[in-house]
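Assemble the whole structure, with the sequences as input and the hints as a guide.
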Amino acid sequence: QKEVEQNSGPLSVPEGAIASLNCTYSDRGSQSFFWYRQYSGKSPELIMSIYSNGDKEDGRFTAQLNKASQYVSLLIRDSQPSDSATYLCAVSNAGNNRKLIWGLGTSLAVNP
Amino acid sequence: NAGVTQTPKFRILKIGQSMTLQCTQDMNHNYMYWYRQDPGMGLKLIYYSVGAGITDKGEVPNGYNVSRSTTEDFPLRLELAAPSQTSVYFCASTGAAGSYEQYFGPGTRLTVT
Chain C
618 QKEVEQNSGP LSVPEGAIAS LNCTYSDRGS QSFFWYRQYS GKSPELIMSI YSNGDKEDGR
678 FTAQLNKASQ YVSLLIRDSQ PSDSATYLCA VSNAGNNRKL IWGLGTSLAV NP
Chain X
15 NAGVTQTPKF RILKIGQSMT LQCTQDMNHN YMYWYRQDPG MGLKLIYYSV GAGITDKGEV
75 PNGYNVSRST TEDFPLRLEL AAPSQTSVYF CASTGAAGSY EQYFGPGTRL TVT
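Chains C and X, in that order, give the protein sequences.
In this text, residue positions in the first sequence follow this note's numbering: the first is 618, and each later residue adds one.
In this text, residue positions in the second sequence follow this note's numbering: the first is 15, and each later residue adds one.
I should point out that these hints are in silico values taken from the structure, not numbers from a laboratory.
Among the clues, some could well be false.
Here are the computed lysine-lysine pairs in the DSS-like style, where the Cα-Cα straight-line distance is at most 25 Å [unchecked claim]:
(1) Lys71/X to Lys619/C
(2) Lys58/X to Lys71/X
(3) Lys684/C to Lys673/C
(4) Lys659/C to Lys58/X
(5) Lys58/X to Lys619/C
(6) Lys684/C to Lys619/C
(7) Lys71/X to Lys673/C
(8) Lys71/X to Lys23/X
(9) Lys58/X to Lys23/X
(10) Lys28/X to Lys58/X
Cβ-to-Cβ under 7 Å is the rule here; a few derived chain C residues that face chain X [what the hints assert, rightly or not]:
(11) Arg715
(12) Leu721
(13) Ser724
Think of the CB as a built atom: it goes at the ideal place given N, C-alpha and C, for glycine as much as any other residue.
Below, the structure is given as structure tokens:
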């Protein structure tokens, strides 16, 4: 059973701090990794994609990938109350009709 | 470019009724997916399609049916609604060459009573 695991949280950080969200996956064949943000009552929104080992930065967001350890993380710098949401980690299901394997999400609360 | 659109936004069904959830995308994506998300739970794949005329079951297909007659549309049919089908339903699509990035519609919140 291919799995993606995330801490459910809630993760609570003060405004301006760095929020660190983590995700592990079981399928060594996975090649594509994604972070989605989901506000309460809304649909998931893609915020980061990463395909190779190392860091990828986009504004206040940095995704980190370590395929050897089967580990993906998302760092949010200078966290804002508007970052309060559930963050979903998704991993490609290798060769399988572009399906994604989804984690259950980590709830983040940024406190003013 | 509207992306992925879904109708209706909300619906209340009585047990045993049927309905169709509509999903349309204007990005010329070949791959489309239906998910359900229960409160506090993750996304569960119901059905997916890799192109017009081709559909396949996901993790939780029982009680649902789909069709894909065009690239743009991927309706989800609920037959004989049951309280267990109370959920939020999301449609998603992907299609750029080699891409796995899925883009979601706004969702349909369904209550079966």
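The hints, checked one at a time:
1. Lys71/X to Lys619/C: holds, 17 Å
2. Lys58/X to Lys71/X: holds, 11 Å
3. Lys684/C to Lys673/C: Roughly 14 Å between the alpha carbons, so the hint for Lys684/C and Lys673/C holds.
4. Lys659/C to Lys58/X: holds, 16 Å
5. Lys58/X to Lys619/C: Holds, at about 14 Å.
6. Lys684/C to Lys619/C: holds, 15 Å
7. Lys71/X to Lys673/C: violated, 34 Å
8. Lys71/X to Lys23/X: holds, 24 Å
9. Lys58/X to Lys23/X: holds, 19 Å
10. Lys28/X to Lys58/X: Given pair Lys28/X, Lys58/X holds - Cα atoms ~23 Å apart, limit 25 Å.
11. Arg715: holds, 5 Å
12. Leu721: holds, 4 Å
13. Ser724: violated, 9 Å
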